[in-house]
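**Q** Following the hints, position chain B with the ligand against chain A.
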Amino acid sequence: MSKRISPEDNLQPHGDEFYELLMKAHEGLDFDQSAALNARLVLILANEVGDLTTLSAAIDRAARS
Amino acid sequence: MHYENREYPFRTPPELKGETPGRYPVAIVGAGPIGMAMAIDLALKGIRSVILDDNNVVSVGSRAICWAKRTLEIFDRLGIGDRMLEKGVTWKVGRLFHGDKEVYNFDLLPDDAHKMPAFVNLQQYYVEEYLVDRIADFPDLIDLRWLSKVTGEEVVADGVTLTVQTAEGDYQLAADYVLACDGAKSRIRQRMGLKFEGHTFEEHFLITDVDMPKPPFESETPERWFWFKPPFHTGQSALLHKQPDDIYRIDLQLEFGSDPAEEAKPEKVIPRLKQIVGDRAFEIDWVSVYSFTCAMLEKFVHGRVIFVGDSAHVVSPFGARGGNGGIQDVDNLGWKLAAVLKGEAPPDLLMTYDEERRHGAAENIMNSSRATNFMTPKSKMEAVFRDAVLNLASDLPFARRLVNSGRLSVPCSLEGLALQSPRRTDRGLAPGTPCPDAPLGEGWLLNKLGGEFMLLTVGKKTRDDALAGVKSLHFENHPDVTAHYGDNMIYLIRPDQHVAAAFEAGTDVATLTQALARAKGQAALETAS
Ligand SMILES: Cc1cc2nc3c(=O)[nH]c(=O)nc-3n(C[C@H](O)[C@H](O)[C@H](O)COP(=O)(O)OP(=O)(O)OC[C@H]3O[C@@H](n4cnc5c(N)ncnc54)[C@H](O)[C@@H]3O)c2cc1C
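Chains A and B are the protein sequences, given in the same order. Under this note's numbering, the first residue of the first sequence carries the number 1, and numbering increases by one thereafter. Under this note's numbering, the first residue of the second sequence carries the number 1001, and numbering increases by one thereafter.
Please note that the accuracy of each hint is not assured.
[Unchecked claim] Subject to a maximum C-alpha distance of 27 angstroms in a straight line, what follows is the list of computed BS3-like cross-link-like pairs (lysine-lysine):
| id | chain 1 | residue 1 | chain 2 | residue 2 |
| --- | --- | --- | --- | --- |
| 1 | B | K1229 | A | K24 |
| 2 | B | K1045 | B | K1342 |
| 3 | B | K1229 | B | K1045 |
| 4 | B | K1101 | B | K1274 |
| 5 | B | K1380 | A | K24 |
| 6 | B | K1229 | B | K1378 |
| 7 | B | K1092 | B | K1214 |
| 8 | B | K1229 | B | K1274 |
| 9 | B | K1378 | A | K24 |
[Stated by the list, open to error] So these bits of chain A aren't anywhere near chain B, every CB distance computed over 10 angstroms:
| id | residue |
| --- | --- |
| 10 | E8 |
| 11 | A39 |
| 12 | R40 |
| 13 | V42 |
| 14 | L43 |
| 15 | L45 |
| 16 | A46 |
| 17 | G50 |
| 18 | D51 |
| 19 | L52 |
| 20 | T53 |
| 21 | T54 |
| 22 | L55 |
| 23 | S56 |
| 24 | I59 |
Bear in mind the hints are in silico, worked out from the structure with no lab data behind them. In this text, a Cβ means the ideal position worked out from N, Cα and C, and glycines have one as well.
Bound-form chain A, shown alone (with noise of 0.2 angstroms):
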């Protein structure tokens, strides 16, 4: 079973078009309000990504800072 995190941009060549869609979903929060909606937002990305293997990999890489 190897730890791995995707090495490729899936997110090409929507980058910009996702990042400014975040921004907006936390337009007009305070901070306790954008962290929840954070929150909320990993729990369905990693319902929606549902390989464990994967999600452990996840929280590795961003435990890192």
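**A** Structure of chain B with the ligand alone, referenced to chain A:
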């Protein structure tokens, strides 16, 4: 090396010598890059124009420095491409910093399949100087008048009368069409009471040209450095890149709420620059403080007054879409206005300039707004996301491509707009696409396409494809051409080198003729939907 602005002389115009030169087909207000390019494009098509400018020098300060591939291709058609290429510098290595840490760097590889590179850096004053020189090649077609300020316009159904103010007195001048190329603060736009609303970004930017004989880079190869949260000042971003003559452009995003006049003082600027370039000797060549707005007119064509360039649309400079976007306006309008003035197309053709270039301007505004938003986070959470992208960018390609310090200007597609025929095949280039260049052994494809309608056929000739009044160009067994254009294809190419229609080889002449009528605006407006 500091650029010395040459002063161009005022010459008494015929109107003030008691002569009656009559009506001009086209009067252009403003001798910036857009107004001058416009006059040259029209002259190449045999159309006479007069340019009026309130000043007598080219751009003071470097202003636009980054000219993108499509712009260079258009300037090449206008006759100054080679000079720009020769003088301009192209950085190859880009480095991105977050604080004092280098997040990543990249190497831009040249594309040998195109005559023009992805961009060159060249100060706006050089581009304008080359345009002034080129204008001298058309003494009978272009009358460039310095120190001639347009103070009023009277618009009637079939023309415009301008009032021109000069040191020797005022005079009036009548023209069939007036092209308002009078820049971002267009007085014509203001006098006509046209709405020009948009988004103004609150941050100020300190733009500095630094004259520095010894490069700050490790090698002689020019680089571009971009910082998020630079360690040397409190603003959110900074940018350094090289221009010709050992001039470096350094842009500092000022902290929100700081006093721009205070920040532009040498005692403030110099210590910061020293932190960037170390103890190399340098001199400040030009300092200016800007805040940026993204806005466009609701319509570019107002009867006989047509807005072109910054007067029609302004963007923040991230992605260099101001001048580059304006040159595409010129490319789009030149052939249409010439066709209308020669009676070869109905005046309605000009409405497709409005349609197509508003589409382009909107795309440019979208892209430069996105870049500006990324660089100027408006909330704590936006800053958190920006920092997260930069963190992930050190090893994840997707995050690297989300980092946005400007998306270099590329031409928009015109697919789906009135002049283009609908797509009929999935192969080759879609209608509306700007034509990619290709090496032809001797010379380049775009030079061959030139500035006229062209029937381009690629592959085996099934029969004689010919359209009355249209030049044709044929390629067979030419891998560099087929790589982009596909094989066994027929294209109708517009004078601005965009695909108007694309067909499989063997398509009947009646269909091609219909596409031509549409592309020339003779059938477009009924069939557009
Ligand atoms: C700091 C900065 C950096 C930039 N960087 C880039 C870049 O890298 N790439 C890019 O593509 N663009 C860039 N731009 C934008 C670019 O400079 C403009 O888009 C470009 O100059 C627009 O050209 P224009 O001919 O429409 O207007 P202008 O260059 O403003 O020319 C207008 C002309 O009209 C004249 N005029 C005005 N009113 C009258 C009147 N009443 N009568 C007669 N004449 C008049 C003026 O004197 C002037 O000569 C940058 C701009 C700034 C400020």
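**Q** The structure should be examined with respect to each hint, and the outcome stated for every one.
**A** Evaluation of the provided hints:
no.: 1; hint: K1229(B) <-> K24(A); verdict: holds (23 angstroms)
no.: 2; hint: K1045(B) <-> K1342(B); verdict: holds (10 angstroms)
no.: 3; hint: K1229(B) <-> K1045(B); verdict: violated (50 angstroms)
no.: 4; hint: K1101(B) <-> K1274(B); verdict: holds (18 angstroms)
no.: 5; hint: K1380(B) <-> K24(A); verdict: holds (14 angstroms)
no.: 6; hint: K1229(B) <-> K1378(B); verdict: holds (14 angstroms)
no.: 7; hint: K1092(B) <-> K1214(B); verdict: holds (18 angstroms)
no.: 8; hint: K1229(B) <-> K1274(B); verdict: holds (17 angstroms)
no.: 9; hint: K1378(B) <-> K24(A); verdict: holds (11 angstroms)
no.: 10; hint: E8; verdict: violated (7 angstroms)
no.: 11; hint: A39; verdict: holds (12 angstroms)
no.: 12; hint: R40; verdict: holds (14 angstroms)
no.: 13; hint: V42; verdict: holds (12 angstroms)
no.: 14; hint: L43; verdict: holds (17 angstroms)
no.: 15; hint: L45; verdict: holds (14 angstroms)
no.: 16; hint: A46; verdict: holds (17 angstroms)
no.: 17; hint: G50; verdict: holds (19 angstroms)
no.: 18; hint: D51; verdict: holds (17 angstroms)
no.: 19; hint: L52; verdict: holds (20 angstroms)
no.: 20; hint: T53; verdict: holds (17 angstroms)
no.: 21; hint: T54; verdict: holds (14 angstroms)
no.: 22; hint: L55; verdict: holds (16 angstroms)
no.: 23; hint: S56; verdict: holds (16 angstroms)
no.: 24; hint: I59; verdict: holds (13 angstroms)
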